[in-house]
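Colleague: One-letter residues, chain by chain:
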Amino acid sequence: MTVVTALIVLGVLALAFGLVLGFAAVRFRVESDPIVDQIDALLPQTQCGQCGYPGCRPYAEAIANGDEINKCPPGGQATINALADLMGVEAKPLDSAHGEEDVKKVAVIREDECIGCTKCIQACPVDAILGAAKQMHTVIAHECTGCDLCVEPCPVDCIDMVPVPVRPDNWQWDLQQIPVKNVESSH
Amino acid sequence: MSAATKAIEAGHIWTFPGGIHPPERKDRSNTTPIEVLPLAKQFIVPIKQHSGPVGDLMVTVGDTVKAGQPLTQVGINNALPVHAPTSGTVSAIGPGRIAHPSGLTDTVITIDADGNDEFYSFAPLADYTSLSRAELLDRIRQAGVAGLGGAGFPTAQKLALQRPLDYLIINGVECEPYISADDRLMREHAQTIIDGTEILLHIAGCEKALIAIEANKPEAIAAFEALLPNYPQLALRVVPTKYPSGGEKQLIQLLTGRQVPSRGLPIDVGLVMQNVGTAYAVAQAILNGKPLIERVVTVTGDNIAKPGNYWVRIGTTVAELLNHCGFEPVADSKQEQRVIMGGPMMGFTLPDLDVPVVKITNCILVPSNQELAPAAEEMNCIRCGACADVCPAQLLPQQMQWLAKAKDYDGLEQQNLFDCIECGACAYVCPSEIPLVHYYRKAKAEIRNIAREKAKAEVARERFEARQERLEREKQERLERHRKAAEARKKAQAEAVAQGGDNPQDAVQAAIARAKARKAAQAAAAAKQNQEGDDE
Chain A
1 MTVVTALIVL GVLALAFGLV LGFAAVRFRV ESDPIVDQID ALLPQTQCGQ CGYPGCRPYA
61 EAIANGDEIN KCPPGGQATI NALADLMGVE AKPLDSAHGE EDVKKVAVIR EDECIGCTKC
121 IQACPVDAIL GAAKQMHTVI AHECTGCDLC VEPCPVDCID MVPVPVRPDN WQWDLQQIPV
181 KNVESSH
Chain C
1 MSAATKAIEA GHIWTFPGGI HPPERKDRSN TTPIEVLPLA KQFIVPIKQH SGPVGDLMVT
61 VGDTVKAGQP LTQVGINNAL PVHAPTSGTV SAIGPGRIAH PSGLTDTVIT IDADGNDEFY
121 SFAPLADYTS LSRAELLDRI RQAGVAGLGG AGFPTAQKLA LQRPLDYLII NGVECEPYIS
181 ADDRLMREHA QTIIDGTEIL LHIAGCEKAL IAIEANKPEA IAAFEALLPN YPQLALRVVP
241 TKYPSGGEKQ LIQLLTGRQV PSRGLPIDVG LVMQNVGTAY AVAQAILNGK PLIERVVTVT
301 GDNIAKPGNY WVRIGTTVAE LLNHCGFEPV ADSKQEQRVI MGGPMMGFTL PDLDVPVVKI
361 TNCILVPSNQ ELAPAAEEMN CIRCGACADV CPAQLLPQQM QWLAKAKDYD GLEQQNLFDC
421 IECGACAYVC PSEIPLVHYY RKAKAEIRNI AREKAKAEVA RERFEARQER LEREKQERLE
481 RHRKAAEARK KAQAEAVAQG GDNPQDAVQA AIARAKARKA AQAAAAAKQN QEGDDE
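Protein sequence lines correspond, in order, to chains A and C. Each residue of the first sequence is one higher than the one before, counting from 1 in the UniProt record's numbering. Each residue of the second sequence is one higher than the one before, counting from 1 in the UniProt record's numbering.
Incorrect hints may appear among the rest.
[Unchecked claim] Calculated lysine to aspartate or glutamate pairs in the DMTMM-like style (CA-CA distance at most 25 Å, straight line):
1) C/Lys-407 x A/Asp-127
2) C/Lys-454 x A/Glu-100
3) C/Lys-454 x A/Glu-61
4) C/Lys-442 x A/Asp-102
5) C/Lys-456 x A/Asp-127
6) C/Lys-306 x C/Asp-410
7) A/Lys-104 x C/Glu-225
8) C/Lys-208 x C/Glu-225
9) C/Lys-407 x A/Glu-100
10) A/Lys-92 x C/Glu-371
11) C/Lys-405 x C/Asp-389
12) A/Lys-105 x C/Asp-106
13) C/Lys-456 x A/Asp-37
14) C/Lys-444 x C/Glu-469
15) C/Lys-484 x C/Glu-465
16) C/Lys-456 x C/Asp-389
17) A/Lys-71 x C/Glu-453
18) A/Lys-71 x C/Glu-458
19) C/Lys-454 x A/Glu-111
20) C/Lys-454 x A/Glu-113
21) C/Lys-454 x A/Asp-148
22) C/Lys-456 x A/Asp-148
23) C/Lys-454 x A/Asp-157
24) C/Lys-407 x A/Glu-111
25) C/Lys-454 x A/Asp-37
26) A/Lys-71 x A/Asp-127
27) A/Lys-104 x C/Asp-127
28) C/Lys-208 x C/Asp-127
29) C/Lys-405 x A/Asp-102
30) C/Lys-407 x A/Glu-61
Think of the hints as simulated: they come from the structure by calculation, not from any bench.
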């Protein structure tokens, strides 16, 4: 008899707790960031395709499915380290088959040479080129990610990739003191 | 009235942690009256002399301008204009050296003076109490007034914040060694500073102002003591001499015992602070209609024959200023002469002397190597902790140094790197000569850069996704169009058949049948030929 009572009591308790837990699991569900979003957030969003995927999001999906983390030249070592941290794998050097880490660049169209073919507009992954057929095109510099994809399609080679200039507001303090010159007074 | 407010009213002076007492050496420059620097032949006016966006150019090369005429204008972004320092001709607009530690170039306007120094007229607003807040703020903005204490924050923007204010604090502490520009200004123009303070009180909608002066400026204190009995809403506070008691957050702590929250503003604790120079400039802008085209600059150091304070037009080159003051470069040719803009603690070495004096230039220091030793080689940290003792923001400079060297930016933010006011007290006491502030500045720039990149990446991602969506939508629309067209065609055919016309489908069938028949005939002919061949 006691065994039966114990079984009933435990059974009822199990049911009660099960209901509570089940309710809590639904009601207080924590929306966790899916791993692809987390990886995508670490990638530089250049959308350059140097990794072999058509954009950063597809590469993020590939990494989530087990691809290597060292295929992103624009992100460089910093991105690889961050990805290694997130994925819990060893950080490796950048795979040079996909390119080298380079300074940040921006596309500039030599406007008087542009023939208005719209090929670069179609190539730009972030719609950062303005223009229309047979009209001059131009790059919206602050939207350009420097992905290089517009350079190749241009039939007249009028697009240059120029390094982003250092201005006083994005200048990094130099730990090397400014070389001081000998100044002469000119009376 | 709470006990804390009572204590503030009673003139209680609190204290702040840390701080240092470097040799002051202010007596070299503060004994002579402010001298007016003769007009230079050429002025170089950078269009960015404040923190925030720059205004749009209003002049082109060849234009003649008058002193005080705006060269850039307040745009929709609330930029601060710059003004012509004297009358003359705009001879060039383009990149030029600016007063920045990087030695980089930025857009500057070069003005060849005509020597007449004709003024551009702005109407004085003597009866300012009858004007609206917005009108007064607009005048202050149009006059190009930026915080003259060092940061160059647009004054109108600071005053535009409308939140309950307990006190306006006028900062005449000037705690950095050597500099005496504010000291001389307070001694000679106390009345104008008080007028400016009244205007600021009126605009801020505040009842009371505290004027803070460091105890090492007895003449300035006397000048204010003589005038203040007529102004019940102004009170003088003398703070003990300690560096950096003139720092905004430090002075607030000294005068009110309140602490500005991390990454917050003084207005969060009901206070606004303005420098005495700014109060003077506000009075000039409102009462005399004079935009900010000149300021007091201390020129001092062992290698200056005539140290003192000078009224210098904005845009005068440092070379011009030093020539007038009897600049004697270090005799020893092996040692290079440093020229520092700002004081010994927070200033920076100029890349060359073609740099112009700007709104935030309070001092040009030309030290000998005996008085201010050149930066020595950095040695290893011995973990003495002296830096933590002197930090006025109660940070851990040593810890932050390790983190900065390791580029651990998350760690640095956890250590509240952005509360560092870059006063240099830690580097001053460091026995290993570690340029601590340089590490912090570098790390701050790096962190800001990362944040900028991140924001940019976010925008790029959005644009990329929007584009993908657009392409997908266009593809769907195209398919839909084709489908609809095909349907319409079929429908038209069916209608045509129903009306007894030719069914194109029949024609197709007929063509297929003809082709089949032809093939069959060819096959039969080939079979026959083969048979004939076999027969032979």
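Colleague: Take a quick look at whether C/Lys-456 and A/Asp-148 sit within 25 Å of each other, Cα to Cα.
Modeller: holds (17 Å)
Colleague: Would the hint linking A/Lys-104 and C/Glu-225 be met if the CA-CA limit is 25 Å?
Modeller: violated (58 Å)
Colleague: Holds or violated: C/Lys-454 and A/Glu-113, Cα atoms, limit 25 Å.
Modeller: violated (34 Å)
Colleague: Hey, C/Lys-444 versus C/Glu-469, does the alpha-carbon distance stay inside 25 Å?
Modeller: Roughly 37 Å separates the two Cα atoms, so the pair is violated.
Colleague: Is C/Lys-407 close enough to A/Asp-127, meaning Cα to Cα at most 25 Å?
Modeller: violated (34 Å)
Colleague: For C/Lys-208 and C/Glu-225, compute the direct alpha-carbon distance and say whether it is at most 25 Å.
Modeller: holds (16 Å)
Colleague: Would the pair A/Lys-92 and C/Glu-371 pass a check requiring their Cα atoms to be no farther apart than 25 Å?
Modeller: violated (51 Å)
Colleague: Are A/Lys-71 and C/Glu-453 close enough, with their CA atoms no more than 25 Å apart?
Modeller: Within the cut-off at roughly 19 Å; holds.
Colleague: Hint check: C/Lys-454 vs A/Glu-111, CA-CA at most 25 Å. Holds or violated?
Modeller: Violated - the C-alpha atoms of A/Glu-111 and C/Lys-454 are around 30 Å apart, more than 25 Å.
Colleague: Run the distance test for C/Lys-407 versus A/Glu-100: straight-line Cα separation, threshold 25 Å.
Modeller: holds (22 Å)
Colleague: Is A/Lys-104 close enough to C/Asp-127, meaning Cα to Cα at most 25 Å?
Modeller: violated (54 Å)
Colleague: Between C/Lys-456 and A/Asp-127, does the CA-CA distance stay at or below 25 Å?
Modeller: holds (14 Å)
The structure fails hints 1, 6, 7, 10, 14, 15, 16, 19, 20, 23, 24, 27, 30 (numbered hints given earlier, in ascending order).
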